[in-house]
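Protein sequences, first through last, are from chains A and B.
Per numbering that gives the first Met the number 0, the very first residue in the first sequence carries number 0; after that it's consecutive.
Per numbering that gives the first Met the number 0, the very first residue in the second sequence carries number 0; after that it's consecutive.
No lab work stands behind these hints, which were simulated from the structure alone.
A couple of the hints might just be wrong.
As the list claims (entries may be wrong) - Label pairs and their in silico Cβ distance ranges: (1) A:Pro-207 to B:His-160: 52 to 58 angstroms; (2) B:Pro-243 to A:Arg-34: 50 to 56 angstroms; (3) A:Asp-134 to B:Ala-220: 56 to 62 angstroms; (4) B:Met-0 to A:Asp-179: 42 to 48 angstroms; (5) B:His-114 to A:Glu-32: 29 to 35 angstroms; (6) A:Glu-243 to B:Cys-173: 45 to 51 angstroms; (7) B:Cys-173 to A:Ser-369: 33 to 39 angstroms; (8) B:Gly-225 to A:Pro-182: 34 to 40 angstroms.
Owing to the predicted nature of the structure, the values given are computational and were not obtained by experimental measurement.
Virtual Cβ for every residue (Gly too), placed ideally from N, Cα, C.
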Amino acid sequence: MTHSNTGSRTLSVASLARVEGEGGMHVVVRDGEVRDVELRIFEPPRFFEAFLRGRAYSEVPDITARICGICPVAYQMSACQAVENATGVSIDAQVRALRRLLYCGEWIESHALHIYLLHAPDFLGYESSIDLARDHRDIVERGLKLKKVGNDILNLLGGRAIHPVNVRVGGFYKAPEIADLQPIAERLRWARDASIATARWVATFDFPDLTLEGDLVALHSEHEYAINEGRIASTSGLDISVSEFSEHFGEEHVAHSTALHGRARAGAFTVGPLARYNLNFDQLPQMVKQVAAEVGVGQECRNPFQSIVVRALETVFACDEALRIIEAYEPPEKPASDIPAVGGTGHGATEAPRGLLYHRYTVDAAGIISDAVIVPPTAQNQPSIEHGLRQFVQDRLHLDDPELTRQCEQAIRNYDPCISCATHFLDLTVDRG
Amino acid sequence: MQPKLAVWKFSSCDGCQLTLLDCEDELLEVAGQVEIAYFLEASRAVVSGPYDLSLVEGSITTADDIERIREVRRVSGHVISIGACATAGGIQALRNFADVRQFTSVVYAHPEYIHTLDRSTPPSAHIDVDFELHGCPIDKRQLLEVITAFLHGRRPQIASHSVCVECKRRGTVCVMVSKGIPCLGPVTHAGCGAICPAYDRGCYGCFGPADTTNIPAFVGALGAAGMSDFQLVRVFRTFNADAPEFRAASTAAVVAAEGR
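Extracted from the complex, chain A is given alone in its bound form (with noise of 0.2 angstroms):
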């Protein structure tokens, strides 16, 4: 790191930490004013689009989920959607029900990841979460036995937490027994408390000014908070099915990132938990609103900083649907409906922990896929993380070097960034000059 009183300045942190993947930011400052922001990864390309081609469909569940292991379940939801659409197939509706509640435990247990482990420190001034619980190791217990329960979901009904074994095209290879179900509710009880106490405990720290800009996007439903199926909506209005995904949004490649860029035809736009709870408030139960205007956060909420407790929000969400979907559960007649021999293209869409995965495939009669294309969420966010962080930068100039980077890579991590997805390091530089 260098620091020059020239109003030239940059600013280098070699790695960031507490993010998944690897990837790096690089600030040029000239004349006081900020020029350039670029979030850098170069995190190894891995090609799952270019190797997928001549993999059967059924395969896909199982190889996307390795594109990530903080959130397998989005690759294998969106994946085997994405194909269920090129076949044409439906889904019973307590296999949908099923994977809503698979869904939610990875919700819980992403979130009380970054929550209490990557996050939380930030705002306490703590390097880490074992830092944290030499201080507080109450608080620190409470959010690993909350990120436990979301596990305990996924191994139920995935097998295990990281990688699924169970999900397939079409549904699941076995599906739980009703009895199977109950010793999870009883812990899922438990963690709607806890999960509205972390409401609560987020709620007292400390939010930096900062609004995000532009245009917030997100899956909608209007009969429940969308997860793993609805149309695609924004905030200013945009309302187009998961099909029409690639007419409105594109990827761009840059010379910096291993990611390609996400872009919209109307410029930078977020996905992720803020955009889901401004689009999609009114789906929330009655509880968790109650909660929400508990703890200050209104129907609206703007500032990266608070997407923590929007977090802790929808962890709250979680826990409480996936005990509605428990309580009433009732077995379906076949795990998994038949796949048909026919081709064609097919689009899925669903919400990660981070925000809209998409995914689209063309699959021939012999069910041999021919092309893939996968626009996971932090591809999305890099343009608008770096637009967001302009400004930041630019009225916090006043910082030495280490402050200004410990500030810096607590506003990334309001994206929750996932560069294991995107592609994948933070390594933080500021030219200043």
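With chain A fixed as given, assemble chain B onto it according to the hints.
Relative to the frame of chain A, chain B by itself:
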């Protein structure tokens, strides 16, 4: 002084290092026994080396990676590779069977921005590794055993038999015998606890080849269960595609398919 633990990431999905954070009941206890000196996914505090125990996740896919893994070896007492990427090159080793330039042009508009090696290889192809823990992902009980063993200066007790033994222990009826479902259990390294057959599906080889197997003989049984040569190629070319035994099996299936 507490032993220093470091966790390093190369090309991977982050799932194996997440396995450490998934030890919800044991994480704070582990953190009490070792100094977590370098673990970027969990902490921005970086303690300088040398490190007593280094866990390495991911495969080597860039020229920079080769330099970095050598540096990890230089600053580490023990180096343990964790997961299929770090023991066999991972799913990104599918490039080893193809032309990486063609792969790049499928995914990226500007292939000239991309710097990657032609092959994805495990750390053991570049440095001496003290232990390899298999799995995609690794199993958390096995991870805790390996960490505990190295901290106490003994060899980890990790069984090297096949998944079949785990199925018997679990009381799962053989899916291949009773239902005719093709299953890689007989040739796959134990460690997951035989999850798939308990969920009515065949093992798909996440933990790579078991130590003593006769894959060519087993391939005949898979064929009898209805698998085509094309399916045999694919079933051995997933997360451990470049493990020598699985590579030999898929290569033989390609030859068989071309001969027909």
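Taking the hints in turn, this is what the structure says about them:
no.	hint	result
1	A:Pro-207 to B:His-160: 52 to 58 angstroms	holds (55 angstroms)
2	B:Pro-243 to A:Arg-34: 50 to 56 angstroms	holds (52 angstroms)
3	A:Asp-134 to B:Ala-220: 56 to 62 angstroms	holds (58 angstroms)
4	B:Met-0 to A:Asp-179: 42 to 48 angstroms	holds (47 angstroms)
5	B:His-114 to A:Glu-32: 29 to 35 angstroms	holds (32 angstroms)
6	A:Glu-243 to B:Cys-173: 45 to 51 angstroms	holds (47 angstroms)
7	B:Cys-173 to A:Ser-369: 33 to 39 angstroms	holds (36 angstroms)
8	B:Gly-225 to A:Pro-182: 34 to 40 angstroms	holds (38 angstroms)
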